[in-house]
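Anchor point for the sequence shown: position 29 equals 29 in this note's numbering, and the numbering is continuous, going up by one each time.
Take these hints with a grain of salt, some might be off.
[Unchecked claim] Now the in silico label distances, taken between C-beta atoms and shown as ranges:
1) T8 / R58: 44 to 54 angstroms
2) I90 / D56: 54 to 64 angstroms
3) T30 / A94: 30 to 40 angstroms
4) K11 / A105: 34 to 44 angstroms
5) T34 / A86: 57 to 67 angstroms
[Unchecked claim] Straight-line alpha carbon distances no greater than 25 angstroms define the calculated DSS-like cross-link-like pairs of lysine-lysine that follow:
6) K54 / K33
7) K107 / K93
8) K41 / K54
9) K22 / K11
10) K54 / K36
11) K33 / K16
12) K93 / K114
Since the hints were derived computationally from the structure, they do not count as laboratory data. Positions of the beta carbon are idealized from the N, C-alpha and C atoms, including for glycine.
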Amino acid sequence: MARVVRGTKRKNHRKKILKLAKGYWGRRSTNYKTAKDAVAKSLSYAYRDRKDRKGDFRRLWIIRINAACREEGLSYSRLINGLNIAGININRKALANMAIEDQGAFKVIIEKAKAALGA
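Using the sequences and the hints given, assemble the complete structure.
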């Protein structure tokens with residue numbers, strides 16, 4: 001049976017893994033065997049956390065909207081309910097941005113939600 005000589009493939013693969021492990025603590029950055037495990041774990045965390053980031057931002061927007069609503073005497077859940085009744089379809093990112101940068105427009109939206117709840 002012929003002896004397998006991988007040429008540059010093996011060296012390039014190891015180089016790629018060690019490059020990804022740059023900055024890791026101790027042997028994880030220099031030893032291929034430990035770096036391979038550390039890189040696999042970090043890549044899985046990165047994939048998971050890219051998905052989690054969406055939820056983190058949604059929670060942040062809800063907190064900001066709730067804080068701005070309460071200044072106007074309305075809770076977040078009542079605002080969202082009022083907007084649904086009024087037929088105003090606006091996402092939380094835009095609402096949170098509006099609450100911070102354009103308080104006048106945000107107050108108009110709150111008044112419309114209050115009117116819809118009162119009706």
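Worksheet item: Are there hints from earlier that the structure breaks, and if so, what are their numbers?
Response: Of the numbered hints, 2, 3, 4, 6, 10 do not hold.
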